[in-house]
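Visitor: Chain residues, written in single-letter form:
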Amino acid sequence: MRRYRTAALGASMLALVVSACSTGGGSTAPSASEATKPAVTVGSEGFDESQLLAEIYAQALEAHGYTVTRQDFASRKLALPAFDSGAINLIPEYIGSLVRELGGEATGDTAETMTNLAAVLEPKDQSVLDAAPAQDGDGFVVRQETADQFSLVTMSDLAEVAGELKWGLPLECSDNPSCGPGLNSVYGIDIAALQVENLGACSGEMATALNDGGIGVAELCTTQADIERYNFVLLQDDKKLIPAQNVAPVVRNDLLDAAPDDFESTLNAVSAKLTTDELTKLNVLVSVNQESIEDVAAQWLTDQGLVT
Amino acid sequence: MDFLGQVVTWFGAPEQWNGGNSIPVHLLGHLALSGSALLGGLLIALPIGIAIGHTGRGAFLAIAMANIGRAIPSIAILGIVFPISLRLHLGFGFVPTLIALVALAIPPIVTNTYAALREVDRDLVEAGRGMGMGELQLLARVELPVGAGLLLAGIRTAAVQVVATASLGAVISADCLGYFVLKGIATQDRPQIFAGALMIAGLSLVTELLFGALQSRVVSPGLRSAEGAGAPSGASA
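Chains A and B, in that order, are what the protein sequence lines are. Per the working numbering, the first sequence runs over residues 2 to 309. Per the working numbering, the second sequence runs over residues 528 to 764.
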């Protein structure tokens, strides 16, 4: 009797297992449009604008049903390894600096820089989506009265009086092609011969120091709110030291492949509406009006008709 | 071993010894910051510590305020003072860093000075009063010499903390050894980060040993066993 019972138990368990396996009609993997959308972890690089861009892309994706986690890092040097390891799978970046960081060439032409960037990302199984019109690059800035005193409009003008002013430069300037080496080769400005105070590029301290007279020239970012806030003069990059620096989302291919088409189209739609003026205005809302990044991002997406 | 070799090479490079960002420049800046901060701390904290230690009054308030000062992170003080310093044309990195370091130096000096004076055997103080000593004489001839060990231990703690933390000034471009650490991080130059950290740790160690030696010299031999540990034994005459 016992033997039959064991056999019956075994048989029914086998039947259960077999039936469980054949649920779904024997298909190997569900097609992408039926699967739940892959989880997105968007990274940012510490400064306000980076977090704002990440938040904008994140909220746009969330409006399309994605689950998005935000992860901030203190700098690009910390964010990129995390991106390479898969800890984050999406990050808004600046095409000129990024392509140089990865060993490629950046020029003043957006399309050319984008091609170069796509090429260096390919072996890493990463892709860059459409570039936004908005560009944010390094810029050299003086107070209005300094510009008046020395008749400064362009970087070439500044080069003539470079030694007479105290410069605020970041510690990494000597290594950065958009800074030390570039200033030398393009404008003939040798930073080693200047009076320099070391402050973070594009930082609040840099802007404060310029405003309060501690320094005469500051390295800020071209969409930085402080330029408007303190009525600074951004010197024109007449000899094109700074390359194309369009904002563009960079994504891991494993995320891109696993996601349905609306992932790419959502992000591209956001990028299409992001101009340099829009970005500067948003920065002012965050830095000067002290509005939260979440609120500013949400309001902008609504105003642009990107979310309902 | 290759990494240590790179560190040694870094120390040997000429730019480390010439020019505006050389080791001598930043070492001097670091010593200037630390020395001034310790001096400033002493000028503020010693009178307070002596006053509350001698009279036994106001201790709670003074020590509570000192501990609040310790709880505020130095970098926050840097951030708050920096724009004020610029606006008052007091210069760039030195003044805000100095203020943050003085705030750091005050608590251990106040606390230890108070404890040092409070733990002086009351019998000794009474004996002194009986001999006709005035308050200042009591301080100078009884309380301070007897409490010297613990008092100096407080100064030593303050000195080492100040020397170690002065590196923070590099964040706002002050001349100090922290420059090498931050520069190394900015340029991903690990031998430089290590060299900077080595110099800061080395200087802190030298400070510790120097003040330790000072303590041994200044504290009376009869009290030597109690130095730094607490109250002298009450039974000895």
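In short, the hints are calculated from the structure, not lab data. Here the structure is a predicted model, which is why all the values come from computation and not from measurement. Here a beta-carbon is modelled for each residue, glycine too, at the ideal position from N, C-alpha and C. Honestly, I wouldn't trust all of these hints.
[Unchecked claim] FRET-style restraints, in silico, Cβ to Cβ:
(1) A:Ala160 / B:Glu542: 22 to 32 angstroms
(2) A:Gly214 / B:Leu566: 54 to 64 angstroms
(3) A:Asn232 / B:Arg584: 50 to 60 angstroms
(4) B:Phe530 / A:Ala160: 37 to 47 angstroms
[What the hints assert, rightly or not] Interface residues of chain B toward chain A, partial, derived using beta-carbon atoms under 10 angstroms:
(5) Gly546
(6) Ile550
(7) Gly606
(8) Pro610
(9) Leu613
(10) Tyr706
(11) Thr714
[Claimed, not checked] Facing chain B, from chain A, some residues (calculated, C-beta under 7 angstroms):
(12) Glu123
(13) Asp176
(14) Asp191
(15) Leu195
(16) Asn199
(17) Leu200
(18) Ser204
(19) Asp213
(20) Gly215
Visitor: Evaluate each hint against the coordinates.
Guide: Consistency of the hints with the structure:
no.: 1; hint: A:Ala160 / B:Glu542: 22 to 32 angstroms; result: holds, 24 angstroms
no.: 2; hint: A:Gly214 / B:Leu566: 54 to 64 angstroms; result: violated, 29 angstroms
no.: 3; hint: A:Asn232 / B:Arg584: 50 to 60 angstroms; result: holds, 54 angstroms
no.: 4; hint: B:Phe530 / A:Ala160: 37 to 47 angstroms; result: holds, 40 angstroms
no.: 5; hint: Gly546; result: holds, 8 angstroms
no.: 6; hint: Ile550; result: violated, 16 angstroms
no.: 7; hint: Gly606; result: holds, 8 angstroms
no.: 8; hint: Pro610; result: holds, 5 angstroms
no.: 9; hint: Leu613; result: holds, 4 angstroms
no.: 10; hint: Tyr706; result: holds, 7 angstroms
no.: 11; hint: Thr714; result: holds, 5 angstroms
no.: 12; hint: Glu123; result: violated, 24 angstroms
no.: 13; hint: Asp176; result: holds, 5 angstroms
no.: 14; hint: Asp191; result: violated, 13 angstroms
no.: 15; hint: Leu195; result: violated, 10 angstroms
no.: 16; hint: Asn199; result: holds, 5 angstroms
no.: 17; hint: Leu200; result: holds, 6 angstroms
no.: 18; hint: Ser204; result: violated, 10 angstroms
no.: 19; hint: Asp213; result: holds, 4 angstroms
no.: 20; hint: Gly215; result: holds, 5 angstroms
Figure legend: structure checked against the earlier numbered hints; hints not met, in rising order: 2, 6, 12, 14, 15 and 18.
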